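J.: Spelled out, the chains give:
Number of protein chains: 2
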Amino acid sequence: MTYDTLLYAHSGGVTAVINATAAAVIDAARRQGGRVGRVLAAHRGIGGVLREDLIDTAALDTAALERLARTPGGAFGSCRFDLPRDDGGVVMDRLFAVFDAHRVGWLLYNGGNGSMDAVARLQAEARRRGHPLVCVGVPKTVDNDIVGTDCCPGFGSAAKYVATSMLEAGLDIASMVGAKGSVFVMEVMGRNTGWLAAATALAAGGDPDRAPHIVLVPEASFDEAAFLARVQAVTERLGHCTVTVSEGIRGADGGPLMEKSRDARGYVQLGGAGLAVARLIHERLGYKFHWAIPDYMQRSAGHWLSATDREQAQAVGLAAVDYALAGQGGMMPGIRRLQAEPYAWEIEAVDTALIANLERKLPSEFIAADGLHVTAAACEYIRPLIMGEVTQSVRAGLPDYRPCGWAKVAVRLPPWAG
Amino acid sequence: MTYDTLLYAHSGGVTAVINATAAAVIDAARRQGGRVGRVLAAHRGIGGVLREDLIDTAALDTAALERLARTPGGAFGSCRFDLPRDDGGVVMDRLFAVFDAHRVGWLLYNGGNGSMDAVARLQAEARRRGHPLVCVGVPKTVDNDIVGTDCCPGFGSAAKYVATSMLEAGLDIASMVGAKGSVFVMEVMGRNTGWLAAATALAAGGDPDRAPHIVLVPEASFDEAAFLARVQAVTERLGHCTVTVSEGIRGADGGPLMEKSRDARGYVQLGGAGLAVARLIHERLGYKFHWAIPDYMQRSAGHWLSATDREQAQAVGLAAVDYALAGQGGMMPGIRRLQAEPYAWEIEAVDTALIANLERKLPSEFIAADGLHVTAAACEYIRPLIMGEVTQSVRAGLPDYRPCGWAKVAVRLPPWAG
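Protein chains in written order, with the numbering used here: chain A, 1 to 418; chain B, 1 to 418.
Because the hints were derived from the structure by calculation, they are not lab data.
Remember, predicted model here, so these are calculated numbers, not experimental data.
Be a bit skeptical, because a hint or two may be false.
Unchecked claim - Derived DSS-like pairs: lysine-lysine, alpha-carbon spacing no greater than 25 Å straight-line:
id	chain 1	residue 1	chain 2	residue 2
1	B	180	A	408
2	B	408	A	180
3	A	288	A	180
4	B	288	B	361
Next up, chain A with everything else stripped away, as it sits in the complex (with noise of 0.2 Å):
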């Protein structure tokens, strides 16, 4: 029995460019010179794999696949799901099955750092069987925080979006400064890392006048009463201030910053970090507040691509399918920062067992002493993965985003009880 069909899995949140990295995945499979006999997708990520239930990318003609490679989410579905350590085998046992019933002997997993856990633990799981599946890793997530590539696919756009919006919101505020003074607050995504916070510092541009004024980030604990005095002062200065808030700021304590608040049934509601910010101001300083959370927008916007995210997005997915068919099981592409301007990279090899579940947090010469802003040197090194953009196709007046049509992969097993 030949192993030789090539399955793709999406893994974690999506971005605006991860069907991209699935159209190039398939394109260069097929590019394989008759190596690679069939080309599937789970549905909805490794959960769709258990469930047996998989996507024959046949159908996919060129055009349409021309098609996904410009449109945002995850065409095939994602899922989040971590592999358990602690259910005797079962879920191990069961993807192997689905990998036997299909011949899969390639596996390529686009995900963040869970994702390189679990490609790990699967190309270790197939040499102990003795199988000869090979698990390559791809990187994507908007987060940035994949720890062994210079930045993560999805990153760039989402920069390049953030950082937009900083820009235009900071020039409407600007307009109508009034008496009171007046504060606009930005919530973008950072659980854990405040990379796309720092990416909305690319709108000031270096001038501490224009938006963002400050900028928080989770690296950083926040100081109320430093940053009350920076509102303060800032909007003393220009009559309105600009902040950018990761979602995961967190206080002296180390616990998050999240709102908590009770609704009219004494129920306690979790809010986000950029409201609390919102009313803290307002509480204190009296000053008007807007507040803006771009949420899944921020990570879906396909009529603002990055062309450099874009083309790495790319990249990855063509490496993978190199390194899958080379038998470089276990390896993740990763983007090396080869110079910084003009801006120019490469992709290498990483081993996911060296950066499984690690988290790259910003490092410390990127964030403001006083940890109210991020540095030059933080903008220096995001500026490239923002350059470039990409016309899209446009229908009546909205981007031409259509779903690809598909067939299910017929199942040959049981269903799976998990």
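Given chain A, put chain B in place with the hints provided.
T.: Frame of chain A, contents of chain B only:
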């Protein structure tokens, strides 16, 4: 003394294309064969007129005007200020003193419903005084609620932005369907009218399975039971549900649905309607929720303008100068729809005295009978307004918005004590 100064002022919330109107006004005024001596702009709206805080636009060359025309926010500033009716004429006297001091013969006032009231009153006052001032209104508002015009400059771009955002976020959440069901709520602007909420329906393209699945507008009172039943039905069918909420939706009692909650200090805070709706769903149905509030981002997204909207923003600016020079005081250029498909429109003069302070709401034929969505007729009305894209100049990966330098006009009057 010749009243050959044209004075231009912004009022109220700004838009992504309000500067395009400003640039068109300045350009048109310069082409009047020398009839217009100076073109001034009020710094921060009518408040700038009262403070005699005026900008001389002569320093803006063609390149600067071109940059101005593609920069969101109000480059000259704006403010919220209602002409008082009970101050014994103190404000009116001061305004006319400033007009006299700077020989203002034409005042172009760019704003919404309240501003058109000011235009009508200023023109009536000029007639009463035998003053040569010709005051002309220029429409703008992302809320699209000015009476007498088929649509309002600023709305089309905001509509394109929120529809695109819902389209993209809808693809994201559809990728992440889990076992429990998940909901995405986006709160858009619209205190009293649901035009922007209705615009998000363009993302679905008439497909009931695509985002947004529910659209809540202030014109339909919020029926909690019917709403929750629909959320449940959609989530059971698709695994997820997306909801657009106008910030100003109202309950059966007519009161706003803004969330009321108490913070740790027992301080009552108003949250957004979107958050209130998201929490309601979570509490009653147990679904995971994400919510987004684009806030200022939706009215300042210069990176994703509607070309139609920008063209109309320029056209009302040009027409307003024509009206002013022709002595058509108290008028506002409105947009008349000639046909829907292909879209054709023209500018027509509207008497501000007949429309001042009125508010155009969504007509009942634009709202679904159950109050949980908008109709195909609403989409047909909005679609032409989001058509066309504007290629922005980009610098270092971000839109190249650069503040234009300007010269202030020397003051000639004692300071304003108001």
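J.: Hint by hint, note whether the structure agrees.
T.: Quick rundown of the hints versus the structure:
1. Our distance criterion of 25 Å between C-alpha atoms is met by residue 180(B) and residue 408(A), whose separation comes to about 23 Å.
2. Taken as a hint, the residue 408(B) and residue 180(A) pair is honoured in the structure, with Cα atoms around 23 Å apart against an allowance of 25 Å.
3. Simply put, residue 288(A) and residue 180(A) have alpha-carbon atoms about 7 Å apart, close enough for the 25 Å limit, and the pair holds.
4. Proximity of residue 288(B) to residue 361(B) is assessed by CA-CA distance (about 33 Å); at most 25 Å being required, the pair is judged violated.
In summary, the structure is inconsistent with hint 4 from the numbered list given earlier, while agreeing with all the others.
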